[in-house]
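K.L.:
Protein sequences appear in the order of chains A and B.
Per numbering that gives the first Met the number 0, the very first residue in the first sequence carries number 0; after that it's consecutive.
Per numbering that gives the first Met the number 0, the very first residue in the second sequence carries number 0; after that it's consecutive.
Just so you know, not all the hints are guaranteed correct.
Said to hold, decoys possible - Sample of chain A residues at the chain B side, in silico, Cβ under 8 Å:
| # | residue |
| --- | --- |
| 1 | Gly36 |
| 2 | Tyr164 |
| 3 | Gly189 |
| 4 | Pro194 |
| 5 | Thr198 |
| 6 | Gly223 |
| 7 | Asp225 |
To be verified - Computed list of lysine-lysine pairs in DSSO-like fashion (alpha-carbon distance at most 30 Å, straight line):
| # | chain 1 | residue 1 | chain 2 | residue 2 |
| --- | --- | --- | --- | --- |
| 8 | B | Lys385 | A | Lys142 |
| 9 | B | Lys203 | A | Lys252 |
| 10 | B | Lys239 | A | Lys242 |
| 11 | A | Lys128 | B | Lys408 |
| 12 | B | Lys204 | B | Lys397 |
| 13 | A | Lys142 | B | Lys433 |
No lab work stands behind these hints, which were simulated from the structure alone.
Beta carbons are placed, not taken as given, at the ideal position from N, Cα and C, and that holds for glycine.
These are the residues of each chain, in order.
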Amino acid sequence: MKKSILKTIALFMLIMALCGSSMDTSRAFTARDLGRGSTGDDVIELQARLQYIGFYKGTIDGKFGYGTYWALRNFQDSYGLPTDGIAGANTKKKLTSVSEYNEKFVMDNLAKGNQFTHYGGTPLSAQVKQGGGKTEQAHLPSKYSEQDLKLMANAVYGEARGEPYEGQVAVAAVILNRVEHPDFPNTVGGVIFQPGAFTAVSDGQIWLEPNERAKEAVLDALNGWDPSENSIYYFNPITATSKWIWSRPQVKKIGLHIFCH
Amino acid sequence: MFRRIALYMKKIIFVLSFALVALAVFSYDKAKENDKLALALSGQYAKRMADASEKLDELNIAIEKSLLFNESDGSKKAREDIWRLTSDIRGSIDSLPLDASFSTAWSNYLSRVGSYAKEADRLSNSGDFEKVMSKASKNLQLMSTDWQVATAGLVDGRYSMNEWVERLDAKSSDVDWSQKGNSVKQYTESDFPLTASESDAMKKKDLQNITDPEVSKDEAVSIFKQVFPQVTNDVIGVEKSQPGAPYPFYHIRFASNQTVGYIDITEKGGHVLSYLADRPFGEPAVSFDDIKQRTEEFLEKAGYRDVVFEEARENSNAWHFVYVRVEPLHKAKVFSDVIHIKAAKDTGEIVGLNAAEYIRKEKLEDQPIVKINWKTFFHNGVKVEKEELAYVENEQLKQRLAYFLTVTKEDEKGIGTYQVLVDTETKEVLKTEKLF
Numbered sequence: 000m001k002k003s004i005l006k007t008i009a010l011f012m013l014i015m016a017l018c019g020s021s022m023d024t025s026r027a028f029t030a031r032d033l034g035r036g037s038t039g040d041d042v043i044e045l046q047a048r049l050q051y052i053g054f055y056k057g058t059i060d061g062k063f064g065y066g067t068y069w070a071l072r073n074f075q076d077s078y079g080l081p082t083d084g085i086a087g088a089n090t091k092k093k094l095t096s097v098s099e100y101n102e103k104f105v106m107d108n109l110a111k112g113n114q115f116t117h118y119g120g121t122p123l124s125a126q127v128k129q130g131g132g133k134t135e136q137a138h139l140p141s142k143y144s145e146q147d148l149k150l151m152a153n154a155v156y157g158e159a160r161g162e163p164y165e166g167q168v169a170v171a172a173v174i175l176n177r178v179e180h181p182d183f184p185n186t187v188g189g190v191i192f193q194p195g196a197f198t199a200v201s202d203g204q205i206w207l208e209p210n211e212r213a214k215e216a217v218l219d220a221l222n223g224w225d226p227s228e229n230s231i232y233y234f235n236p237i238t239a240t241s242k243w244i245w246s247r248p249q250v251k252k253i254g255l256h257i258f259c260h
Numbered sequence: 000m001f002r003r004i005a006l007y008m009k010k011i012i013f014v015l016s017f018a019l020v021a022l023a024v025f026s027y028d029k030a031k032e033n034d035k036l037a038l039a040l041s042g043q044y045a046k047r048m049a050d051a052s053e054k055l056d057e058l059n060i061a062i063e064k065s066l067l068f069n070e071s072d073g074s075k076k077a078r079e080d081i082w083r084l085t086s087d088i089r090g091s092i093d094s095l096p097l098d099a100s101f102s103t104a105w106s107n108y109l110s111r112v113g114s115y116a117k118e119a120d121r122l123s124n125s126g127d128f129e130k131v132m133s134k135a136s137k138n139l140q141l142m143s144t145d146w147q148v149a150t151a152g153l154v155d156g157r158y159s160m161n162e163w164v165e166r167l168d169a170k171s172s173d174v175d176w177s178q179k180g181n182s183v184k185q186y187t188e189s190d191f192p193l194t195a196s197e198s199d200a201m202k203k204k205d206l207q208n209i210t211d212p213e214v215s216k217d218e219a220v221s222i223f224k225q226v227f228p229q230v231t232n233d234v235i236g237v238e239k240s241q242p243g244a245p246y247p248f249y250h251i252r253f254a255s256n257q258t259v260g261y262i263d264i265t266e267k268g269g270h271v272l273s274y275l276a277d278r279p280f281g282e283p284a285v286s287f288d289d290i291k292q293r294t295e296e297f298l299e300k301a302g303y304r305d306v307v308f309e310e311a312r313e314n315s316n317a318w319h320f321v322y323v324r325v326e327p328l329h330k331a332k333v334f335s336d337v338i339h340i341k342a343a344k345d346t347g348e349i350v351g352l353n354a355a356e357y358i359r360k361e362k363l364e365d366q367p368i369v370k371i372n373w374k375t376f377f378h379n380g381v382k383v384e385k386e387e388l389a390y391v392e393n394e395q396l397k398q399r400l401a402y403f404l405t406v407t408k409e410d411e412k413g414i415g416t417y418q419v420l421v422d423t424e425t426k427e428v429l430k431t432e433k434l435f
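Starting from the given sequences, assemble the full structure and let the hints guide the process.
P.N.:
This is how it looks when you write it as structure tokens:
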């Protein structure tokens, strides 16, 4: 009797241990379909699984771009699935059955901003390089980089955090309008750090940690919104010291800022 | 008792004196450090100013060299130098603490000199290059003197960093910056007047091509209510654009429940320029396909019927969609006429619309389509995944019909994807962009 109880307990523990280890390596996807443009934790899982079986060679960043698209199509082609580049229910089921996903490893390294890969057959500990910087899970038009997003969010937060949302998008749009304008530097960094161009740079407020609202405002500007209507300058009439700025043709007032050409 | 108090007092005085001395030492060190930083910075700035002066002389020599040759091939090297030097000097100017009007005027002039030299091959009359650049060379000499006068003080160490920054302020300046900026602006206008294409592009940007009748403030509000009926319970303010706006528009701000936002509508024709609504977003609850379908229904209802889906990007609270106008003759996508849509992931509601580019409506001309063999056009290993037609702006700001290709190239890093636009008539590659 005692022996059979012990056997049952041992069997139960073995089953639990197996469940525990499989939970660590085979997280289920969410129910939604994933395609080009998708972003999120399920895209991270998709990339990690595709990399595990050698189809995806890019960075695991949670952004479903062309690298993920071609990797997925090749996977679908290899496993006799319709090659549409969309991770639907059948594709995800097949992928889950032929790959593993160490969620903790992937998420920890993403949180720490480490450079890492998730190939099968190689110890995961040997696939990590410390550092590299955290990535934002934001999908940007291809001409802009994550650094642009970060710098602009800092600038918008430093310059206009008390302004309405529209005003924050407008400040971000002014930065982009300057990048496109022949009279200004042609990079986001060049425009923001042009001496004397932005008060937040001069007084160091650019280095404050931006909030989500400022990032969202920058994302809208990067995606094409321009509430400033093509303005290349703005100023606060209460605090502005330059006489010259008053000579610019004014377009619109948003919050405390006047936007001008 | 008194002795005890005296002892305490002594201790307090000692601690206070010690703290005072420590503070004084700290402040002295800090001030010294700041002085050192200011000196290092002014040194850097002085170096850049001196470099720019030197490069201005080099630029002038390069222009003179380019004027020696009749054929554009002969002046190629000198023209490349002009382009490189103008870029370098612009880089220096952009990173220097100068008066805004002065530095923008300089940047503009230099970029025009550089672009003109770069594009000289395209000039129909080679005499034009000599005419324009001779004038530019003469003016650059005058400007170079102005530059040296304006930047003296920091270059020769006469001013500290603080004094220099104060000097930029018009009230306490010994240099009339705006006058100097204006003279450079005049040189730009006389040496490099806008080309017909540039002037057309500017007109388009300023919506001068819209000839529709004006709408009133009330009509603008009713257009808003018609396009976005769900948020128009409470219009909170309608303002007309400021007099300096190149195209007059109505700026309507609204608040509806927890949603706050704005819409800009042109006075001419009542076209929506842009709309953006801000509200707290809930958890994503609507699928991508449903959001896309709702977006397309919205576009249809709002009258944007000649656009097709081009791209989608998911962000934390919303999907950003790009729709592009299709020209009917060749079914070519017109990349200058796009509509941006922002749709919420929680409800699928349209929370943003930008049609400022779409309403400019490019004027398109038909052009011959020459067949191109992509196997010989591209290197081995490059695969054309998709071939479409599109209208795209070339460097001279003219709309050209182009093959719009999505190509891939595989290497050890994976599969690289590129967008390539090739002129259908001249086979010129108008644009190549790496897609991520």
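K.L.:
Could you check the structure against the hints above and give me the numbers of any it violates, in ascending order?
P.N.:
5
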